[in-house]
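Asker: Listed here are the chains, written in short residue letters.
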Amino acid sequence: MSLQAMTYLVVGATFALYIGIAIWSRAGTTKEFYVAGAGINPVLNGMATAADWMSAASFISMAGLIAFMGYGGSVFLMGWTGGYVLLAMLLAPYLRKFGKFTVPEFIGDRYYSKAARVVAVICLIVASVTYVIGQMKGIGVAFSRFLEVQYEIGLMIGMGIVFIYAVMGGMKGITYTQIAQYCVLILAYTIPAIFISISLTGNPIPQLGLGSTMTGSEVFLLDRLDEVLRDLGFADYTTNARLSLTNMFAYTFSLMIGTAGLPHVIIRFFTVPKVRDARSTAGWALVFIAILYTTAPSVAAMARLNLIDTIEPTSGDYMVYDERPDWIRNWETTGLLAFEDKNGDGKIQYSADAATNEMVKVDRDIMVLANPEIAGLPNWVIALVAAGGLAAALSTAAGLLLAISSSISHDLLKGIWKPNITEQQELTASRVAMAGAIGVAGYLGYNPPDFAAGTVALAFGLAASSIFPALMMGIFNKRMNKEGAIAGMVAGLSVTLLYVFQHKGIMFVADTAFLGDMSPNWFLGIEPNAFGAIGALVNFAVAYAVSHMTAPPPEHIQHLVEDIRIPSGAGSATGH
Amino acid sequence: MSQHSNYWTANLKLVGLCLAIWFVVSYLFGIILVEQLNTIRIGGYKLGFWFAQQGSIYVFVALIFYYANRVGKLDRKHGVHEDDD
Chain A
1 MSLQAMTYLV VGATFALYIG IAIWSRAGTT KEFYVAGAGI NPVLNGMATA ADWMSAASFI
61 SMAGLIAFMG YGGSVFLMGW TGGYVLLAML LAPYLRKFGK FTVPEFIGDR YYSKAARVVA
121 VICLIVASVT YVIGQMKGIG VAFSRFLEVQ YEIGLMIGMG IVFIYAVMGG MKGITYTQIA
181 QYCVLILAYT IPAIFISISL TGNPIPQLGL GSTMTGSEVF LLDRLDEVLR DLGFADYTTN
241 ARLSLTNMFA YTFSLMIGTA GLPHVIIRFF TVPKVRDARS TAGWALVFIA ILYTTAPSVA
301 AMARLNLIDT IEPTSGDYMV YDERPDWIRN WETTGLLAFE DKNGDGKIQY SADAATNEMV
361 KVDRDIMVLA NPEIAGLPNW VIALVAAGGL AAALSTAAGL LLAISSSISH DLLKGIWKPN
421 ITEQQELTAS RVAMAGAIGV AGYLGYNPPD FAAGTVALAF GLAASSIFPA LMMGIFNKRM
481 NKEGAIAGMV AGLSVTLLYV FQHKGIMFVA DTAFLGDMSP NWFLGIEPNA FGAIGALVNF
541 AVAYAVSHMT APPPEHIQHL VEDIRIPSGA GSATGH
Chain B
1001 MSQHSNYWTA NLKLVGLCLA IWFVVSYLFG IILVEQLNTI RIGGYKLGFW FAQQGSIYVF
1061 VALIFYYANR VGKLDRKHGV HEDDD
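From first to last, the protein sequence lines stand for chains A and B.
Numbering of the first sequence is given in the numbering used here, commencing with residue 1 and proceeding in unit increments.
Numbering of the second sequence is given in the numbering used here, commencing with residue 1001 and proceeding in unit increments.
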């Protein structure tokens, strides 16, 4: 069977499975639309959370970025896992005890203020839409490859599928669907990694293979990679820091607290049956996430090595362009991989020197999808990876769209503007909001500000600088009042957004950037993707200062804070 | 109320301990001291690189379960646990 037919078959079969589950458990009432049935145990809920969490950024994009960043790519690995520690210890159990549905609802109640709730909704929408742009990039890459069309067309088709998928599903459908999606995506990620690890090192466990010697040689894989890169003029893989250690520190911190501040992840913890389940659900989610995240470094290093071996099969002897393998031809169709025979010798030189490098474009987001093809794995593996990538992107896009739509229909419309709205109207409003969000994100996805994982990192920075500090202070600082929280959120979000826009363009339209996106213009050498860390510090500082200049929160709020700090007496989540 | 404040103090201490370990394995071993640790090797891995790309993640998982277990005991000790239904 041809690769394309096989891909249609595998992707089609997995989609039929998800849609089947979604229909079987179709959302009936508003409550079910927002939150899954509360009776799901922590292991399964952790698995669903993991699928929700691991998006196109984790699956499609991250290993490709690490492949080209080396040690510097560690920011994604530590950042996107370490946040769960914060979530489990600083937020999840308390938000569960509080017992409402959405993050803005908590902020509105804790800071006894509709204004605070509206500010939280705005922060949430800005972060979530940015996040969906990253997903759209990943979805566009995946569809363009397996339909063998240009990226832009792939993106358009992807938007349509996401819309149908998210509007039909709702959270209840999504929870069971996501368990299925986790299984598909983790198999799709680990199976090729195991194949490749065996072929390069003889060790079937990729995490160990990365630290092993190459098959039939005494040379360690990582040492060989360092050496090959050095010969081509690149920095060593294992020691190549991302700009500076300060930048890496900020980048990691931004991703960690962003993880703990992103609404579509937090929302899952509102609905576990008990406070203690909120803690263990975070643990199980991280177990399932860690399976992929500890495999990713192996995928990254091995993909880079295999790519170089394809372009330069023996040292100093390069690939003849006319004899290039099919996978290269296929990716050239998408416009995401491009070569230019600068010296006209019919061969493709790969080098760190831009003047002589002839592999002129390698979109990092193609690496994971191309990886099994580069390694020459069987067609069914390649098809499975495409299905896994789509599962990752779709599940997260759906979760995010739900967070966006529920914040608009539930927090803004029902909570503030029109309290008397019927359930049916609320549901309709949330579906309209979803369609709008897909349109905006898809439009911006034509020219994304960065590779998928980079774009998602921006979203984390925005969540880190706005939502996380307000939530954390709401629980740990009884004295924090509405003036402080609102000033903090506004300051944190503004500073981060301003920094991002001045380097990446207003609303990510690159032509409108008033300072170039390059390191000499960066504050303390910190890149925009990492700036959420600074934004969060600004948020904390402003909130603290303002709260001490204004009146403390009323008595009943201080009691509320004392109450959410202890697990006993937790009811189930309520909407009102 | 004083019993609750004892619970809260004990909880904060536990969180503090866990976050100290969290900081050490990621920021300290994975970033700040990475060059020094890279002089030590385990198999093909340089140790600092290993912490940044593997080790920190394993520790994070262990930390959450450790915390969930310990704080569960604190809940019971201070009588603030949930009903077992």
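Don't read these hints as lab results, they were simulated from the structure.
Some hints could be false.
To spell it out: a stretch of chain B is covered by chain A in this simulated footprint if at least three of its residues, at any positions, have a beta carbon under 8 Å from a beta carbon of chain A; those stretches are [stated by the list, open to error]: (1) 1032-1045; (2) 1063-1073.
Label-pair ranges, simulated between beta-carbon atoms [what the hints assert, rightly or not]: (3) Leu208(A) x Asn1069(B): 53 to 61 Å; (4) Ala435(A) x Ile1040(B): 48 to 56 Å; (5) Lys1013(B) x Tyr112(A): 25 to 33 Å; (6) Lys1077(B) x Asp109(A): 41 to 49 Å.
Now the stretches of chain A that chain B is said to cover, found in silico as 3 or more residues with beta-carbon under 8 Å [as the list claims (entries may be wrong)]: (7) 209-216; (8) 273-279; (9) 388-396.
Computed from a predicted structure; not experimentally measured.
Quick reminder that beta carbons are idealized off the backbone N, C-alpha and C, glycines included.
Asker: Hint by hint, note whether the structure agrees.
Answerer: Against the structure, the hints come out as follows:
Figure legend: the region 1032-1045 of chain B, annotated as covered by chain A; annotation consistent (8 residues with Cβ-Cβ distances under 8 Å, at least 3 required). Coverage of a stretch by a chain is defined here by at least three residues with a beta carbon nearer than 8 Å to that chain's beta carbons; for the region 1063-1073 of chain B and chain A the count is 7, and the condition holds. Checking the proposed 53 to 61 Å range against Leu208(A) and Asn1069(B) shows it is violated: the Cβ atoms sit about 28 Å from each other. The beta-carbon spacing between Ala435(A) and Ile1040(B), approximately 55 Å, falls within the hinted interval of 48 to 56 Å.
Here the CB-CB span from Lys1013(B) to Tyr112(A) is close to 30 Å, well matched to the stated 25 to 33 Å. Against the hinted window of 41 to 49 Å, the Cβ-Cβ separation of Lys1077(B) and Asp109(A) comes to about 30 Å, which falls outside the hint. Counting residues of the region 209-216 of chain A whose CB lies closer than 8 Å to any CB of chain B gives 4, which reaches the minimum of 3, so the coverage claim holds. Counting residues of the region 273-279 of chain A whose CB falls under 8 Å from any CB of chain B gives 4; the rule of at least 3 is met.
For the region 388-396 of chain A, the stated coverage by chain B is not satisfied: 0 residues place a CB nearer than 8 Å to a CB of that chain, which falls below the threshold of 3.
In this structure, the earlier hints numbered 3, 6, 9 are contradicted, and the remaining ones agree with it.
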